[in-house]
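Going down the list, the sequences are from chains G and B.
Under the numbering used here, the first residue of the first sequence carries the number 32, and numbering increases by one thereafter.
Under the numbering used here, the first residue of the second sequence carries the number 32, and numbering increases by one thereafter.
Misleading hints may appear alongside valid ones.
[Stated by the list, open to error] Here are the simulated BS3-like cross-link-like pairs (lysine-lysine), alpha carbons at most 25 angstroms apart as the crow flies:
(1) G/K236 to B/K33
(2) B/K236 to B/K106
(3) B/K219 to G/K203
(4) B/K223 to G/K219
(5) G/K223 to B/K223
Hints are computed from structural coordinates only; laboratory data are not their basis.
2 protein chains.
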Amino acid sequence: MKINVLLTPSNLDELSFSGKTTVIIDVLRATSTIVSALNNGAKEIIPVASVEFAVKVSGGMFGGLTLLGGERNTKKIEGFALGNSPLEYSSRLVKGKSIILFTTNGTKAVVKAKFSKNLYICSFLNLSAMADHINSMDTDIEILCAGRNNSFSLEDTVCAGKLISEILKNKKDLELSDTAQASIALNKSFGKNLFKMLCETEHGKLLLENGFEEDIKFCSKLNTIHAIPCFSGNVVKLLVRE
Amino acid sequence: MKINVLLTPSNLDELSFSGKTTVIIDVLRATSTIVSALNNGAKEIIPVASVEFAVKVSGGMFGGLTLLGGERNTKKIEGFALGNSPLEYSSRLVKGKSIILFTTNGTKAVVKAKFSKNLYICSFLNLSAMADHINSMDTDIEILCAGRNNSFSLEDTVCAGKLISEILKNKKDLELSDTAQASIALNKSFGKNLFKMLCETEHGKLLLENGFEEDIKFCSKLNTIHAIPCFSGNVVKLLVRE
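Make a model of the complete structure from these sequences and hints.
Here's what the structure looks like:
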């Protein structure tokens, strides 16, 4: 069983994901938001790679059952019902709804990896659930960090490293790529106090400046949600386990 | 003073380097080879981004004073005088010579960063000399890791982290990007036994398979050469310090 970490979606071809098992991580905030929204009863998340496509898709759906969510430059998009703050996606608002979601990095990464055989959504919130599921699968894994504007982001890589470390507790014979080894080391260095780490990253600082400290607090909580969002047929739903 | 690390040359525009001070790192083996060749008396290194251009440039130069060097898939290119092994670049062979060099990652990275205001070549061999020079400059620094086929390479990032750690010994008020912080952490995790680290990276394993253990040993030596190769006017020469 091999594990590789893709530090950014930059320069990756969509077709390179064909047949693979991929885990997407965008800690601040898209994958934390998806995990949270589905856990709060949203029917499904429809990740899209452009605002225009989000609006187009929403036009063909029934009103009331569909919500538009997402951000540009950390802020809610004009005319959208929801931003990209996981705290907005409360049970009251999202229960039973289809949510069309556009975010600068996270949903684009999901769409890029859409040809994967298995495609999962991971954050600190559902990390141990994800690790358990991967251990039950026994297949090679690509962890795709959404990064920031096609560049490296420390928080996604630390989350990847923590996920691999969790998998390693039950599987000793993993073959780790350079990036997988680096991610484990970065989790050891930065992964002890997740809230502090998130506040000190470039993306974290930008969110703090824009008043999103509560979001950072929420996204830093480890293993609070036992759920595995899974992309299939262009939507993300919770995996129903036997 | 800000320090940023570019983990790969992928997706970078040549013009983005305009006016910047850039340090190129390709531990295995291009920057180690350049440092070594110049230290052994080579007049200059002419880094090129394609084999075709290497042959073209060499055609316009006087025979005897020019050597063609480089590799493809770790091996010497047919018809070239030298490969990409630093051990080949002995005083006897290179003294007074202009060397046109093509390598898969390193020389391409140098050419990509050619519009930098200051452009330096770093490896473990000349790391402390490089750090001293940067400290004397007091300017923002971009460290460009050549990586491997446009992907992350652990050895280049560890070298970047060690360079920053060395700079930090004399400068405490550095502003560090996420990648700079990550590089420092990776040097702490992997930078104690450089030979062991190099042997265990993906690129190191490939070189071992191809019989280049002595090269890895040579490239792992820290601070054995007190020289700073500097790119200017399309050639790399040793910086003459006042």
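The hints, checked one at a time:
1. G/K236 to B/K33: Between G/K236 and B/K33 the Cα gap is close to 16 angstroms, so the pair holds against 25 angstroms.
2. B/K236 to B/K106: holds (15 angstroms)
3. B/K219 to G/K203: Roughly 24 angstroms between the alpha carbons, so the hint for B/K219 and G/K203 holds.
4. B/K223 to G/K219: At roughly 16 angstroms apart (the allowed maximum being 25 angstroms), G/K219 and B/K223 satisfy the hint.
5. G/K223 to B/K223: Measuring from Cα to Cα gives roughly 22 angstroms; hence the hint holds.
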